[in-house]
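Protein chains: 2
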Amino acid sequence: MKLKSSKSKNIIFLLLIMFSFSCTKTTEKTNNDVKGEDSHPSLILTAKGVKDIRAQLGNIPIFDNSLQVVKEEIDAEIASGIEVPIPKDYSGGYTHVRHKRNWVVLQKAGVLYQILNDEKYAKYVKDMLMQYEAMYRTLPLHPKTRSYARGKLFWQCLNDANWLVYVSQAYDCIYNYLSEEERNKLETNLFKPFADHISVDSPQFYQRVHNHSTWGNAAVGMIGLVMNDEELIDRALYGIKDLKLDTEEKDDDGGFLNKDGKAGFLANIEEPFSPDGYYNEGPYYQRYAMYPFLVFAEGLHNVKPDLKIFEYKEGVLLKSINALLNLSDADGDFFPLNDGQKGMSYYNDALVTAVDISYHFGTQDAGLLTIASEQNKVLLDDSGLAVALGIKNGKAKPFDKKSINLSDGPEGKQGGVAILRNKDIELVFKYASQGSSHGHYDKLSYSLYEKGDEVIQDYGLARFVNIEQKGGGNYLKENKTWAKQTIAHNTVTQNETSHYNGEYEIGSQNHPDLHYFSSDNKSVQVSSAKVANTYPNTDMQRTLAVIKDEDFEKPFVLDIMQVISNKANQYDFPYYFLGQVLNTNFEYTIPKTLKPLGSKNGYQHLFVEGNGKSKESNAKFSWLNKGKFYTLSTISDTKDEILFTRIGANDSEFNLRREAAIMFRRKNTKNTLFVSAIEAHGSYSPVSESAINSKSNIKELKVVIDTADYTALAITTLNGSSKIFITANTNASNEAKHTLKINNKNYTWVGSYYYK
Amino acid sequence: MKLKSSKSKNIIFLLLIMFSFSCTKTTEKTNNDVKGEDSHPSLILTAKGVKDIRAQLGNIPIFDNSLQVVKEEIDAEIASGIEVPIPKDYSGGYTHVRHKRNWVVLQKAGVLYQILNDEKYAKYVKDMLMQYEAMYRTLPLHPKTRSYARGKLFWQCLNDANWLVYVSQAYDCIYNYLSEEERNKLETNLFKPFADHISVDSPQFYQRVHNHSTWGNAAVGMIGLVMNDEELIDRALYGIKDLKLDTEEKDDDGGFLNKDGKAGFLANIEEPFSPDGYYNEGPYYQRYAMYPFLVFAEGLHNVKPDLKIFEYKEGVLLKSINALLNLSDADGDFFPLNDGQKGMSYYNDALVTAVDISYHFGTQDAGLLTIASEQNKVLLDDSGLAVALGIKNGKAKPFDKKSINLSDGPEGKQGGVAILRNKDIELVFKYASQGSSHGHYDKLSYSLYEKGDEVIQDYGLARFVNIEQKGGGNYLKENKTWAKQTIAHNTVTQNETSHYNGEYEIGSQNHPDLHYFSSDNKSVQVSSAKVANTYPNTDMQRTLAVIKDEDFEKPFVLDIMQVISNKANQYDFPYYFLGQVLNTNFEYTIPKTLKPLGSKNGYQHLFVEGNGKSKESNAKFSWLNKGKFYTLSTISDTKDEILFTRIGANDSEFNLRREAAIMFRRKNTKNTLFVSAIEAHGSYSPVSESAINSKSNIKELKVVIDTADYTALAITTLNGSSKIFITANTNASNEAKHTLKINNKNYTWVGSYYYK
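Heads up: the sequence lines are chains A and B, in that order. All residue numbers for the first sequence refer to my numbering, where the first residue is 17 and numbers rise by one. All residue numbers for the second sequence refer to my numbering, where the first residue is 17 and numbers rise by one.
Be aware that one or more of the hints could be misleading.
Unchecked claim - Output of the computed footprint for chain B on chain A, the stretches with three or more beta carbons under 8 Å from beta carbons of chain B:
{"hint": "1", "stretch": "360-369"}
{"hint": "2", "stretch": "479-485"}
{"hint": "3", "stretch": "513-523"}
In short, the hints are calculated from the structure, not lab data. Using N, Cα and C, we set each Cβ at its ideal position, and we do this for glycine too.
In isolation and in its complexed conformation, chain A is listed as follows (with noise of 0.2 Å):
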């Protein structure tokens, strides 16, 4: 690393040479002299930029439009007046929301003030400031005790750092604006004890590799760079210095505190990123964090361009963009992976961020520019400046999601995930890790979307984030009790019990390998990973194509899943379909009361809905989704018991979403083999009533070999075409000769998969 910082200067000094900076300043400003002129604003915005951005005004529709909608809300909250209550409320409550809103309008006002040069902004950003200034300074901890980490304007020092985040832009913005006894007044009752506050005064939130401390390092190291205090900087950059906490200690989520020391901004890139920009924590999580990631390195890049903070890590915050957008459906909501809210999206404002950054310091994407469109909005920088020049110049493409894999760790081998996509169908394969402390025991499970309409979901979180009336807007208990647990994804369940036992500690210590990935036939597209020790001596390999065949109109989804263990166990495997029941090839008895299927483990929330068995090869069941069809056709055991569940028992505060899986249910069976297969099928308008292709086009599938090297199904279509797909268990690579004998005839090709 070239970057050394002078850790050894202290406080005192500091002060010194920022008085003298601000002196300097104050001079530079009545003189309008070229260096200070240049010095502020340089997080977002630069000196060059604004001019830039002044001489193209009106010229930019993109641009011209964000910033009038822009003005337009600023203004009316100047109107309005000045509102900074003493803290008092949780998550969606009064004073919270108030703050909140308050960052965010701190934020534009100050980039109002350098684009339009109206002084107005600047006067409204220094009066409220000045009023933060005045509470703050005796300010005590929020009087709400809930947080592990309890901040002074909100309950969570998170949002503390939310706050900091954008107001120093704001600072930043109105820098040359203020006389040097205003910023010394700001900067000692307010911005030093706030950074202070949420750093050294609250290390277990900030000396941590997890999304709060990115936060919090942003915060701190955003506003040392606009105060130009090296010791902030370095405290964000490499965490608070000769620090030591607790490895054990965990926080309300459940996740280590700080179990290997690691802390600071540049941990934080280091450890949660995967090479392929892969977030430990999946989507959700990453679109939170990736706004401090991008506004501190862009004014990382603005004031040290030495550090080259666009390319640390081989790039990997620029990569991670790339991965974040692929891990949308065709609507651009991201996959809800671990604890991620669905309907979160590409239209979410952090994203407009890392879309016009990643646009700006990467590479001039042209597909970036049609999302950029899509979202119709640009950041009122440099980088939105780009963006609405491209925009306006026609360079935008389209932005062409392909078939994905993103490997998960910080050194890309702890897993990943898989994204296979074929026409309007896409297939969410997760075998990631832990993925922190909003990870989800969910190993070796999937998701299926067509055109961005969930076929068979993944739960998500259980929260309805700022909405107070649920549990303050926070995490609700059923989040543990289900939205987390195994069953309540697409995977099996062995013995009732969570993969991992349901423990952070040794899932955190485990993670599944890919086997392969494989997308260069865009016809068949596949992927298989493995794991061990999700349960004791058990290891899971599933294999997932999705297949576009002639005798097909859409393509369709293979699903191979291994179990092998040394003892007899009950496996559950449930397919948490969405839509309405069309119908079944098989028999089955609805319960005259339900009653839940467990007592533990997420099955205390399951009701069962329906107990039935196939007496057919194949287990055959259909249902409508958005008027679209769907049959899942599965290789049945005639002693399988097949289970219609529902969600909500023992709801006591309606938390969770009735919605329904179809569940196989295999006892006191060692090893086995789960094969399915799922169609999306023709169509169903309300409107004309017509019912086009409703029914499957399999007449069976069979497993026609099953060894340690190899696992092959047939799949027969009704017209009586067979296909023969062949996976390889073991030697799986790109290379790799196989020659097969199955039923007589032989087999050969090289790769992965064989499919014919």
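Based on these hints, arrange chain B on the given structure of chain A.
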């Protein structure tokens, strides 16, 4: 009536006429005689219209586009060849779908022949008709036996009639193209016996007032118009001559086959339409019935102008289109009153017909052009040309849906439907009569919408129309056991028994009456209706108001239900809210196992998910649906049981949607009053994660007076302001003067209600 057909003409005489007419035609065709050109086409296209269309082609965008779409569709069909399979399947099955497709294709190909003057289309129609002719002459009844009136091409006569309504148009279009011999062959072996089968051979289908019969009448009449067969035309207009049916017999849906002996197209206009144009079965079936009403009317208008069909019953056909368009929500989806399938909307092709015909033959309402633009499609006929020219000439204006009261009954004296519209809120108050065999037992029920999203739902029907896997696409048994029952609706059920004891005979003899409807004050929209005899010795009156008050962000609903009974009863009063429970101000418990609420009358389909009691004067319940918040505030008796229910018990084939209600149960009570307010408030975005105005603004709702003459409520908001709403229970005319003393204050007003 002017039109008096010579019913004494016998068939031989008719045939002679036809022959001679046809001979003339053939000659004319060759000679390009003007009269011959003029007499065909004559149903939806006229010779003059065809000339005008041809002259405008290429210059009328929406028409040109519609034509292009149809041309591509039909060219593809022609390329794939003709299929006329032997009938075999129920709805959704292959032969059903194919014959259904054929009627569409034939009609369109005929129209293309006229407009494009390309013989390939005429030849295609002729060839397919000849295949039908070859098959039909020996075709037995359809093999499926479920219908009360089996067809030949389809399992039910109804679909045969659909076929003929469309195919008559195709025949009309190629009439002049065919030789006399070809016409003879088709008419003798196909059209005449076809018309006879669905009429004289199926009187239980044909000879009644019912949407099925309307199709039958139109089919017979349209082919009669093309064939110039006065006997068929008479049979269409007046029913089968001298036929008497058993007035006690019932159809598959439980409706009387022909209780009062009325029949024929004119009776089918007379009976089901009220003077306001409300169709007694509701909008879903009106949409279905509209097409034959309108295309046959169009044909009659062209061929029999003296009949003045569009002026019949004071222009009710065109009025009915306006009524139908007003029976849709903000998205154009029809309110699912009675047996209505959700999602059916004015984008349905029948509504393209309705809108175009209404524009052309009506008063050229500019609002219709906007709907036509949204439909993005016009009829390829004279009326479509008129609409296309209107749009092209910039005449379109918004179709402004206001509050509207639609009377029900042939003379408008059998109740009705009131739609209260106030900003984005729509309330559909159903106080209509039984609604024929498709009626539900839901007197004084209502449903609530915001911006086209259901808030308090009407369940609609229990059927998956045309989805063969679900009961052949027909009505499911749960339509009777659940969807029609009173407890499935937002109204009062007494003693767990449906209105009129769930008996069609009693339901058909009774109906509610409008008390008042007041929409003059755009901030306060109110309607009130009464009903007797839903239960023995019980009267009910419901008053619903949608009020926009300055103290509220959005309009709120007041709901006042009075029940007067001479003995003690149990009353159940559900609200079928859609969305996720947020919170309540009362405590409730959830059961460990879910049991059905009852054993019959719909109660067997409801699970009890929660049970509470309110200690406060108002029980409050908030929920979140599609990003919008709602709160129900109900004046509660401490003895009221508050139940959370969910649909789905005893649903052995998963035919019902698992949706919820909150239900107030009041036991052992004679007269009583249920009073509630429903507020729509705020919004939630999963993208910005901001919850705006998520809480109720009502501090208390209180009854301040309740007498035989008046019921008055005080609505107090959180900021302490209080308003009074008084409804006149007796003398409620617009001119009525009222003075009332409440808590020593005098209230004086003129009209049905007071609000201030």
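Count the residues of the stretch 360-369 of chain A whose CB lies closer than 8 Å to any CB of chain B, then report whether that count reaches three. holds (count 5)
With a C-beta cutoff of 8 Å, work out whether three or more residues of the stretch 513-523 of chain A approach chain B closely enough for the coverage to hold. Violated: only 0 residues of the stretch 513-523 of chain A have a Cβ under 8 Å from chain B.
Outcome, coverage of the stretch 479-485 of chain A by chain B - at least 3 residues whose beta-carbon is closer than 8 Å to one in that chain: holds (count 6)
Hint check: a violation occurs at hint 3 only; the rest are consistent with the structure.
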